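Participant: As a plain string of letters, each chain reads:
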Amino acid sequence: MRYIISILLENEAGALSRVAGLFSARGFNIESLTVVATNDSTLSRMTIVTIADDGIIEKIVKQLNKLIDVIKVTDLTATEYIERELLLVKVNVNQQTQIDIDKQIDAFSCKLIDVSEDIYTIELAGKSKKINDFLANLDASKILDVSRTGVTGICMKNRNLTKGV
Amino acid sequence: MKLNGAQILVNSLKSEGVKYIFGYPGGAVLHIYDALNACDEIEHILVRHEQGAAHAADGYTRASGKCGVTLVTSGPGITNAITGIATAYMDSIPMIIISGQVPSALIGNDAFQEVDAVGITRSCVKHNFLIKNINQIVNTIKKAFHIATTGRPGPVLIDIPKDITIATVEPKPYPNSVKMRSYQVPSRADSAKINAAADLISLAKCPIVYSGGGCIIGNADQELRAFTRQLGFPITQTLMGLGAYPATDKQSLGMLGMHGTYEANMAMHDADCVIAAGVRFDDRVTANVDKFCPNAKIIHIDIDPSSISKNVAVDIAIVGDVKLVLSDLIVKMKTKFIQDISLWWSQIDQWRSVNSLAYKTKLGVIKPQTVIETLYEVTKGNAIVTSDVGQHQMWAAQYYQFDEPRRWINSGGLGTMGFGLPAAMGAKLAKPELNVACVTGEGSIQMMTQELSTMLQYATPVKIVNLNNGYLGMVRQWQEFFYEKRYSMSYMDALPNFVKLAESYGHIGIKVEKEQDLKPALIEAFKQKDRTVFLDILIDPTENVFPMIPAGAGHHEMLLAGRDEMASMNDDGLNLV
Ligand SMILES: Cc1ncc(C[n+]2csc(CCOP(=O)(O)OP(=O)(O)O)c2C)c(N)n1
Ligand SMILES: [Mg+2]
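Residue numbers (full-length UniProt numbering), protein chains in the order written: chain A, 1 to 165; chain B, 1 to 577.
These are calculated hints, taken from the structure and not from any lab test.
Treat the hints loosely; a few may be bogus.
Calculated cross-link-like contacts (lysine-lysine; reagent style DSSO-like; alpha-carbon spacing at most 30 Å) [stated by the list, open to error]: (1) K66/A <-> K66/B; (2) K62/A <-> K297/B; (3) K72/A <-> K129/A; (4) K66/B <-> K179/B; (5) K310/B <-> K72/A; (6) K59/A <-> K179/B.
Small disclaimer: the values here were computed from a predicted structure and weren't measured.
All chains should be modelled from the sequences, with the hints used to inform the complete structure.
Facilitator: In structure tokens:
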């Protein structure tokens, strides 16, 4: 199953490598990982997507909690949550393909953020599934460059990770 | 008055009550050595190899319960210490390692003797720090000791660049405590869990207590004894837990696991309730997990939540300090009925009567088991015994009856050959009033013989009991059983003359070749109160460690000496180490 784990940790040098090192040392896999400081510059928030079975996810959460720099760990997928990912993609456009690409951009509500000569730079935010679908709908031979942020997520309603830390 | 970083560091160690530092100097730590030179309160023990420093600090910790300190220079200093750090980490032993680092401005430049100490130790420390600023020194040291000694303990490394030891600043007072929002230590357990465990215990007809190193590290031996005696339950202890409960007590079934006793393993297999206290269900203990305790409800007490249900799913998990949890259980059980377990005891007595540690003596050869039994007799069971790794380690664990905690010191988790001698030196410094014996093999001892020199310099008299079988015996045993006697690289050719070796280091060497000389030699060795004595004892080279659970088998599938001279293993087992 796909899990999204949200980790609040001290914004210290080396904290990221401790988490990444833990995943590799214990043989856990990482589908995506994002990390950046929160509004409090001493805190970082990391979101990791991993594919694991139930037993393994419990071990991952326990091992993460054991790291000294880690303050809180939440399995977002066990809560009501929202996940988003951002895609930047550049595609080659010509007169024949333009109509089709414009149609896709509309259908997925993408933003066209740069148009230069025959290249579109497109931005799309959404669930990973939506981004996958959008990319799949493009003509692969026209895709020039793809950059995805990986997933970030947050619990809904009054469940918070950073408040009161 | 301003102080430099090195002086602040040394003062901080003084404030922590550090008495000994085990270390070795080098360029990056010269300022620290200069500060140490001016400090009377801390004695520095100059080892001969940094691995020895870490093992000695570890042995000091295990014997005393106080946090040992290791000091090494950058580059090869820290890389040499890694094996010792990993050894401590695997056995949850608190230790502080201070490593010098190249000056801040050179970090990342492949400078002379630069190694990424924080990176290279990350997977074998509980935590590590790189000090970036002289003002961080005191807080970092306070935090390091706090982290190393609380919760599930472990080694903590502090890497300090040379420029920071040289810079000066007006010193701040050493803090009394630290608060870390990201590190909380569990203490008392949830009372609902205690109640649930008590309910389960009161229903048990075939209970067993299975205790481990956590009861020693957590100083829970008194609680463990009170709890076990109050209930009248049988108890078995892991290799790491020996001594928390007295081995000579009638409720003790001895050690369990791969080379545990028949009664301990059979009782585990048939138990209906297992109270696991300060253990981690290591693979040497559980044997095949699919066959582990098939009928039992398991209660697991551990301070580390990540140990719970890691290898074996448990029924009641109690996260907390084992000392406090056992005291809570003692109180709770006073209000509970327990079952009559006399039938269970008579079953256990039948298993006991198999006498699984019996061994055949042969005229003219010294049996290793006899050596340990004689060592026990001569030291009246009161010595601290350290060991290396191999057959001799198992014989020491099986035949020396440890009645007190912190008397049996060995590398259980990492299984590090070379641990025994430096650990014995550290233990002797911790407990000068006790006899210290290092049970070793001719293979293991050669990994750390240089520390004989340190032991002369600091007058740490230890009795080295070298069970010399001329083989990497544990390897030979596996090759005999599982590789059709193809003895690949398990024979130690060209052994040194250990007597002369000991003498050249300024110690006493005694070679023992005949059984009748064994006891007199041991008596003589311990009479030499102030001397290190190396007893090179030529034992039966073909002796194997029994009983044994071959890898892949269950607790009830033990091989017994005399009955199953040859062991075999299934294909799954061969995959295991
Ligand atoms: C540093 C290290 N290298 C290799 C091993 C693997 N190993 C385990 S026991 C053993 C043999 C030890 O021989 P010896 O010290 O003579 O003890 P014996 O088994 O003969 O009693 C070896 C090589 C180890 N445990 N540690
Ligand atoms: Mg040997």
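Participant: Do the alpha carbons of K59/A and K179/B lie within 30 Å of each other, as the hint requires?
Facilitator: 27 Å, holds
Participant: Between K66/B and K179/B, is the straight-line Cα distance small enough, at 30 Å or below?
Facilitator: The hint holds at about 21 Å.
Participant: Decide if the proposed pair is consistent with the structure: K62/A and K297/B, CA atoms, cutoff 30 Å inclusive.
Facilitator: 23 Å, holds
Participant: Measure nothing beyond the straight line between the CA atoms of K66/A and K66/B; if it is 30 Å or shorter, mark the hint as holding.
Facilitator: Holds, at roughly 23 Å.
Participant: Decide if the proposed pair is consistent with the structure: K72/A and K129/A, CA atoms, cutoff 30 Å inclusive.
Facilitator: 27 Å, holds
Participant: For a C-alpha distance cap of 30 Å, please report whether K310/B and K72/A respect it.
Facilitator: 21 Å, holds
Figure legend: structure checked against the earlier numbered hints; every hint is met.
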